[in-house]
Amino acid sequence: MEKTSRRKERLDRGVKVRSDTVYAVSSWKEMLFLLAPRGILIIGLLCAPLLVPNLYWQRVICILGVYALLAIGFDFLANFVGLVSLGGALFIGVGGYISGALNHYFGLPPFLTIPIGSIGGAFICTLILLPTLPLRGVYFAIVSFTLPLVADRTICATNVLGGTDGIPGLSMLANTWVNQYSILGMVLLSLFGLRRIVNEDIGVVFRGVKDNDQAIRASGLSVIYYKAVAVFIAALMGCFGGAFLAHLYGWVGVSLLSMDFSVFPLVATVVGGPATLAGPLLGCIILVPISEMLRAFGELRIVIYSLILVFFVLFWSEGVLNWARRKYEQFEHWVEV
Amino acid sequence: MGEILLQVRNVSKSFGGVRAVNNVSFDLHRGEILGIIGPNGSGKTTLLNLITGFVSKDSGKVVFKDKDITRWPAHKIANAGLVRTFQLARPYATLPAFKNLIPPLFSPRSKRSAMGKLGDRDAVAIDLLEDVGFERDAHVPYKLAGSLPLGYLKRLEFARCLAMKPEVICCDEVFSGLSMAEIASMLPLIERLKSDNITLIMIEHRLRELFQVADRTLVMNFGEKIAEGDPREVIKDKNVRRAYLGGEVKL
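Protein chains in written order, with my numbering: chain A, 1 to 337; chain B, 1 to 251.
Honestly, I wouldn't trust all of these hints.
As the list claims (entries may be wrong) - Computed list of lysine to aspartate or glutamate pairs in DMTMM-like fashion (alpha-carbon distance at most 25 Å, straight line):
| # | chain 1 | residue 1 | chain 2 | residue 2 |
| --- | --- | --- | --- | --- |
| 1 | A | K210 | A | E200 |
| 2 | B | K111 | A | D211 |
| 3 | B | K143 | A | D12 |
| 4 | B | K76 | A | E200 |
| 5 | B | K143 | A | D213 |
| 6 | B | K143 | A | D201 |
| 7 | B | K57 | A | D213 |
| 8 | B | K143 | A | E9 |
| 9 | B | K76 | A | D211 |
| 10 | B | K111 | A | E200 |
| 11 | B | K111 | A | D201 |
| 12 | B | K165 | A | D201 |
| 13 | B | K61 | B | E167 |
| 14 | B | K143 | A | E318 |
| 15 | B | K165 | A | E200 |
| 16 | B | K111 | A | D213 |
| 17 | B | K194 | B | D131 |
| 18 | B | K76 | B | D196 |
| 19 | A | K29 | A | E332 |
| 20 | B | K194 | B | D66 |
| 21 | B | K143 | A | E332 |
| 22 | B | K194 | B | D127 |
| 23 | B | K165 | A | D213 |
| 24 | A | K327 | A | E9 |
| 25 | B | K194 | B | D215 |
| 26 | B | K65 | B | E228 |
| 27 | B | K65 | B | E191 |
| 28 | B | K143 | A | E200 |
| 29 | B | K165 | A | D211 |
| 30 | B | K143 | A | D211 |
| 31 | B | K57 | B | E167 |
| 32 | B | K76 | A | D201 |
| 33 | A | K210 | B | D120 |
| 34 | B | K76 | A | D213 |
| 35 | A | K210 | B | D122 |
| 36 | B | K143 | A | E329 |
To be verified - Partner residues are not named here, just some residues of chain A that face chain B (Cβ under 8 Å, in silico):
| # | residue |
| --- | --- |
| 37 | R207 |
| 38 | Q214 |
| 39 | I216 |
| 40 | R217 |
Source of the hints: derived by calculation from the structure; they are not laboratory data.
Cβ atoms here follow ideal geometry from the backbone N, Cα and C, with glycine treated the same way.
Modelling step: build the complete structure from the supplied sequences, incorporating the hints.
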């Protein structure tokens, strides 16, 4: 008896989005095909605050936004610039402490401290990470991971900036709606802004830095400068998250420097789908609620994150979004061979 | 011979105890092709790295167009118009071939020239690729650079240099790894660069092909310059024969 085997054949859907520089979308159906995933994401995010049952879950949405900013920044640095950043805690801490201190010691209102904390914090983070930028390899990851631990110990030991107690009694944002929509707006702005940037010419330079930094130097471009610009962009998003958290809690303390902020973005990126920018956001949408439901387990949550990470790395390394995209954009059928 | 474009004076570099380049000096004239030959490990590539700023010099001086570029970083030297190719082609493997030319077209030097002002760098990149021998209508320019065969990668290296509108191109073994047919198709490109008044430094092991195009040759051995002059004369030099060809050889 003859044995037949089958294999899966994949065909791209014939939607031509762009030819040269002209957008060439031919029908409503095709436009809908392209708009649907983006539309669902945007509308879904904007409706989320209205749909969740209570104040507690509205608070979770805010935290989710902060993690999403960090995760999108992580994905950008790691997969488009080639810098593995474990500096989430650094960005959150610097942004949070700057805006908290400005608010507490100088009495500036949040609508001033948050922008100053974001931009000033991003400058400071870029400056202190600058010495690692000429180096290739793991040094950037190590230094960005270590600095918040150093800051944590220093603050506790010297009692500056409130020491172990932190700085309480900061101004809060107007209400929970302002909270949620300001962070969700920032997430969407960052996501679509970065997607634009990586496809522009400067994004090609960033990806060049990742692929081959020597060729970038030979092309008359300073590798350090472009790495610094990329770090600044990611730090800007992270520091905004930190400044936002300060005024969300009305308090800043050493918990802003906790390792969760460094590790969670990595897990979210691996789960959601690396090198997609939207993937890390999806990863956060999946993981943050799970994490909240696991709150009862306390510190054991880290173990569960780790197991999820190991599962995805070993068995599903393309991540959820890359998988979903393949399913969405290609026809699959079995053919006899 | 044209004006002196590049002066290299007493350049040295040691890696640990190894003196990779020892006190090398030479001049480069506008419009010429200078070949650099020598046995493996004689310091040819290191010399090129020193000139283009990819490796810092221990001592010595490099003057390009009356500017002392000795301590300049590599990207600044490239922006001055002194560019290089790499021995092992260095494409951006995950980008399409034509996107590989975006970084040089994005450089300050290109922005200063008319090319940058045109705005659409993609179109300029496609033209440049055609210039160095990519077929325009084929899919080759749109393929990922990582999937291109070596012949195209070598051409891509040239295209990256040309995108900078260079005055000097330092070529590090452009013929290595290519078949005879591919080399034969590269030679006209080099002739054309010369007729475009681009000055070339060519490190090469393929002497027969090099001597077809080179105006002058510099021979290195153990980091030192042992001879310089007309290619046909240089190769007759006794020291050169001993160092490079391992004794008396009939050509």
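Hint by hint, here is what the structure shows:
no.: 1; hint: K210/A - E200/A; in the structure: holds (16 Å)
no.: 2; hint: K111/B - D211/A; in the structure: holds (23 Å)
no.: 3; hint: K143/B - D12/A; in the structure: holds (17 Å)
no.: 4; hint: K76/B - E200/A; in the structure: holds (23 Å)
no.: 5; hint: K143/B - D213/A; in the structure: holds (21 Å)
no.: 6; hint: K143/B - D201/A; in the structure: holds (18 Å)
no.: 7; hint: K57/B - D213/A; in the structure: holds (20 Å)
no.: 8; hint: K143/B - E9/A; in the structure: holds (22 Å)
no.: 9; hint: K76/B - D211/A; in the structure: holds (21 Å)
no.: 10; hint: K111/B - E200/A; in the structure: holds (16 Å)
no.: 11; hint: K111/B - D201/A; in the structure: holds (12 Å)
no.: 12; hint: K165/B - D201/A; in the structure: holds (19 Å)
no.: 13; hint: K61/B - E167/B; in the structure: holds (19 Å)
no.: 14; hint: K143/B - E318/A; in the structure: holds (22 Å)
no.: 15; hint: K165/B - E200/A; in the structure: holds (22 Å)
no.: 16; hint: K111/B - D213/A; in the structure: holds (20 Å)
no.: 17; hint: K194/B - D131/B; in the structure: holds (14 Å)
no.: 18; hint: K76/B - D196/B; in the structure: holds (23 Å)
no.: 19; hint: K29/A - E332/A; in the structure: holds (20 Å)
no.: 20; hint: K194/B - D66/B; in the structure: holds (22 Å)
no.: 21; hint: K143/B - E332/A; in the structure: holds (24 Å)
no.: 22; hint: K194/B - D127/B; in the structure: holds (19 Å)
no.: 23; hint: K165/B - D213/A; in the structure: holds (20 Å)
no.: 24; hint: K327/A - E9/A; in the structure: holds (12 Å)
no.: 25; hint: K194/B - D215/B; in the structure: holds (11 Å)
no.: 26; hint: K65/B - E228/B; in the structure: holds (22 Å)
no.: 27; hint: K65/B - E191/B; in the structure: holds (23 Å)
no.: 28; hint: K143/B - E200/A; in the structure: holds (19 Å)
no.: 29; hint: K165/B - D211/A; in the structure: holds (23 Å)
no.: 30; hint: K143/B - D211/A; in the structure: holds (16 Å)
no.: 31; hint: K57/B - E167/B; in the structure: holds (22 Å)
no.: 32; hint: K76/B - D201/A; in the structure: holds (20 Å)
no.: 33; hint: K210/A - D120/B; in the structure: holds (23 Å)
no.: 34; hint: K76/B - D213/A; in the structure: holds (15 Å)
no.: 35; hint: K210/A - D122/B; in the structure: holds (20 Å)
no.: 36; hint: K143/B - E329/A; in the structure: holds (20 Å)
no.: 37; hint: R207; in the structure: holds (6 Å)
no.: 38; hint: Q214; in the structure: holds (6 Å)
no.: 39; hint: I216; in the structure: holds (6 Å)
no.: 40; hint: R217; in the structure: holds (4 Å)
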